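Trainee: These protein sequences, in sequence, are chains A, B and C. Counting from 1, position 122 in the first sequence corresponds to residue 122 in the numbering used here; the numbering is continuous, with no gaps. Counting from 1, position 175 in the second sequence corresponds to residue 175 in the numbering used here; the numbering is continuous, with no gaps. Counting from 1, position 242 in the third sequence corresponds to residue 242 in the numbering used here; the numbering is continuous, with no gaps.
FYI, nobody ran anything at the bench for these hints, they're computed from the structure. Be careful, since some hints might not be right.
When chains are identical, the list treats them as one kind, so a pair holds in a single copy or across two.
To be verified - List of simulated lysine-lysine pairs, DSS-like, C-alpha gap at most 27 Å:
1) Lys86 with Lys273
2) Lys224 with Lys84
3) Lys117 with Lys250
4) Lys84 with Lys147
5) Lys117 with Lys197
6) Lys224 with Lys117
7) Lys84 with Lys278
8) Lys84 with Lys117
9) Lys224 with Lys86
10) Lys250 with Lys147
11) Lys273 with Lys117
12) Lys250 with Lys224
13) Lys147 with Lys273
Note that the structure is a prediction, hence the values are computed from the model and not measured.
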Amino acid sequence: MSNLLVFQSDFGISDGAVSAMYGVAKSVSTTLDLYDLTHDIPPYHIWEASYRLAQTTSYWPEQTVFVSVVDPGVGSERLSVVVKTKANHYIVTPDNGTLTHLAQSVRISEARIIDEKINRLAESFQSYTFHGRDVYAYTGARLAAGKTSFEQIGPQLDVDQLVRFTTPEVTVNNRVITGTIDILDIRFGNLWTNIDKNYFYQEAIEYGDILEVTILDDTQQVYKNMMAFGRSFADTQVGEPILYINSLGKIAIALNQGSFADAYHINAGTQSKIRIHKTTKTSDPFTK
Amino acid sequence: MSNLLVFQSDFGISDGAVSAMYGVAKSVSTTLDLYDLTHDIPPYHIWEASYRLAQTTSYWPEQTVFVSVVDPGVGSERLSVVVKTKANHYIVTPDNGTLTHLAQSVRISEARIIDEKINRLAESFQSYTFHGRDVYAYTGARLAAGKTSFEQIGPQLDVDQLVRFTTPEVTVNNRVITGTIDILDIRFGNLWTNIDKNYFYQEAIEYGDILEVTILDDTQQVYKNMMAFGRSFADTQVGEPILYINSLGKIAIALNQGSFADAYHINAGTQSKIRIHKTTKTSDPFTK
Amino acid sequence: MSNLLVFQSDFGISDGAVSAMYGVAKSVSTTLDLYDLTHDIPPYHIWEASYRLAQTTSYWPEQTVFVSVVDPGVGSERLSVVVKTKANHYIVTPDNGTLTHLAQSVRISEARIIDEKINRLAESFQSYTFHGRDVYAYTGARLAAGKTSFEQIGPQLDVDQLVRFTTPEVTVNNRVITGTIDILDIRFGNLWTNIDKNYFYQEAIEYGDILEVTILDDTQQVYKNMMAFGRSFADTQVGEPILYINSLGKIAIALNQGSFADAYHINAGTQSKIRIHKTTKTSDPFTK
């Protein structure tokens, strides 16, 4: 195995929880190389955990093991699983929807249920609330260090039985592309949609084109304006909005050196819908 | 030695302080494996630093060296020490109370005063304000890398002479267990008390029992209600309070998927007292 | 090379951006040792990125490679460069002023323009917005791992042609030292000036001396009072202001166990000026 173990959680880094998981992993094997995806997933926000995995795992070497612990159902009947992706990464996680986006993008090739009788920290006494430390970090460490094989984790689970959220579809009607704001590029306040760049190619949208963008919170319109499609923020003026292809190949919206999300009070989520419509280049961008 | 060096401080991670300490450590030896406990201890909050050490050190391999720098008295007469715990971990820290909780739990087996004439970064010119970099990181790195022995750190100090805070006792009177809110599980707003789970066993409190919980800010009552004792949050409804055994084996209180601390404006500290009283299961939980 | 790669950015650590850069680096070579300077540079704040590099690089071993990505001009004509400092560290960065402080302190010995035809992540498709991942992390990793030489990075650039901000000068007139508040010691709210400790030596200012300190926001006075020059915070009472030499050898101001910046609403920046004037020790410190 790779000896690479990457952690994600909603624990934050202000107390000892992450360090306890690291200690457990290093106690399994000091040869492990430990890193973080993020520990700043909003509490209980499984959707965002799922998205961040899909955003990053592909950049890591094959055989990297990811431990993702956003676990509002700790202590319930929810399963604990380890999956192997088609890109040859492993994810250790509660089976609660955390694998939704990876299942759609790289796809899951195999899943196993963690048998906690053999994959649980010894002496983790009567604690029922910190499986991140007692089960997931411990199991991920043993897998990454080659102290257990994937097959020894526990019984196989049909990949189709993994818990998944429904994710909204992108539609095209009358040359209007409709999608959702999947997530925010938090630090910069950019909106990342679920619209793949290929939709733009299909609609023959080119760099420099002026597009009409409407954003709705469920059925209520919260933004409507024209903006250019550019390669990067540098293609527009400071303070101007721009459509661009983000680092994941999806359509995104930014306010150059500002925060689009803050400026228009826009949140991510399935209720946050976006419509993009190509108009002619020669149109006055401020005519509605 | 282990080559494992784990840092804690109240420096935050927004400037270059932590990276300077890491650089000093790597300059001592590139073979060192550097990790963080947390750098988000509230400024000058020695008590919390002490608690976080007790919360995490035991999960790390023997011979791991911890550097903890919450040091409001930098430049004063306070001593700088390295201690060895009975669990065979080392802590490098100002002697200002940071070792209070470890002294009570795993216990300290030996203490040495850092002789700064030999254990100080060369060329750390006339800076009197960053012992974290110039003394503690440097000394911790040399110890973890085996470039100094524990004995060479400096003169021995009687373990009983280490500075310690008094910590509140748990009492039981008339079947009422009284303790304090030691600390918050920050991210989730759970209250962690100083009441060991054994007090519940002694009082024959069982999962499913309904208990009366009163919380006082000094003498003023800030919360009083009935709640169940459960294994985990999953044993109650979303939004309901629950008593449970936390990941350290202490009694804790949560609001399932909410923040108990925020909901009732409860802080941790010695003035924050809690009384827990077993009532009969059949009582109406809303009768006071 | 050192195999040491240290990252700085304004990305924050709440999403997957930093982890994607780490993954790219580990995919270049699993032998790399990855660390952070900080990812909490305020968005687009090149000045602060420049300062943090100058604050920390010297503590790291020679041949450490730093990747610094504060890049408001991503996608514009700004160059991407790798420089070598006289202290034998390497910095991979957009050429946008990020090297200002290092050029003044340790000095740059050589600069090369990154040739993106050979130094860019394969298959980093049509993304024009994340050079941190696709160019800087990738190039830094290859340099740190010895998979490219400095010479192979691309064509040489005259060191004097690197983009630099003008930095304010310190002046002394009539025994009044005038400088600026370069930056805040964020967590503690201390003010770090651009006044080197040598100015104090030249003016024969000694520990214990009482000095008059005036702070101006551009031309408006925002603070004026007397305070002592001490070795460290312990030389004054809790809540009292103090002048001291900070961990970089510059004059700084603190409120012992308080935040000077918060107390007097003081920001850092070139408009934030400070005047320090030695008065006699025997003067009443509250006479103006």
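Trainee: For each hint, tell me whether it holds in the structure or not.
Mentor: The hints, checked one at a time:
{"no.": "1", "hint": "Lys86 with Lys273", "result": "neither (31 Å within a copy, 53 Å between copies)"}
{"no.": "2", "hint": "Lys224 with Lys84", "result": "neither (42 Å within a copy, 48 Å between copies)"}
{"no.": "3", "hint": "Lys117 with Lys250", "result": "between (43 Å within a copy, 24 Å between copies)"}
{"no.": "4", "hint": "Lys84 with Lys147", "result": "within (17 Å within a copy, 30 Å between copies)"}
{"no.": "5", "hint": "Lys117 with Lys197", "result": "between (46 Å within a copy, 23 Å between copies)"}
{"no.": "6", "hint": "Lys224 with Lys117", "result": "neither (56 Å within a copy, 39 Å between copies)"}
{"no.": "7", "hint": "Lys84 with Lys278", "result": "neither (41 Å within a copy, 47 Å between copies)"}
{"no.": "8", "hint": "Lys84 with Lys117", "result": "within (21 Å within a copy, 34 Å between copies)"}
{"no.": "9", "hint": "Lys224 with Lys86", "result": "neither (40 Å within a copy, 53 Å between copies)"}
{"no.": "10", "hint": "Lys250 with Lys147", "result": "neither (39 Å within a copy, 32 Å between copies)"}
{"no.": "11", "hint": "Lys273 with Lys117", "result": "neither (45 Å within a copy, 38 Å between copies)"}
{"no.": "12", "hint": "Lys250 with Lys224", "result": "within (20 Å within a copy, 51 Å between copies)"}
{"no.": "13", "hint": "Lys147 with Lys273", "result": "neither (46 Å within a copy, 45 Å between copies)"}
In summary, the structure is inconsistent with hints 1, 2, 6, 7, 9, 10, 11, 13 from the numbered list given earlier, while agreeing with the others.
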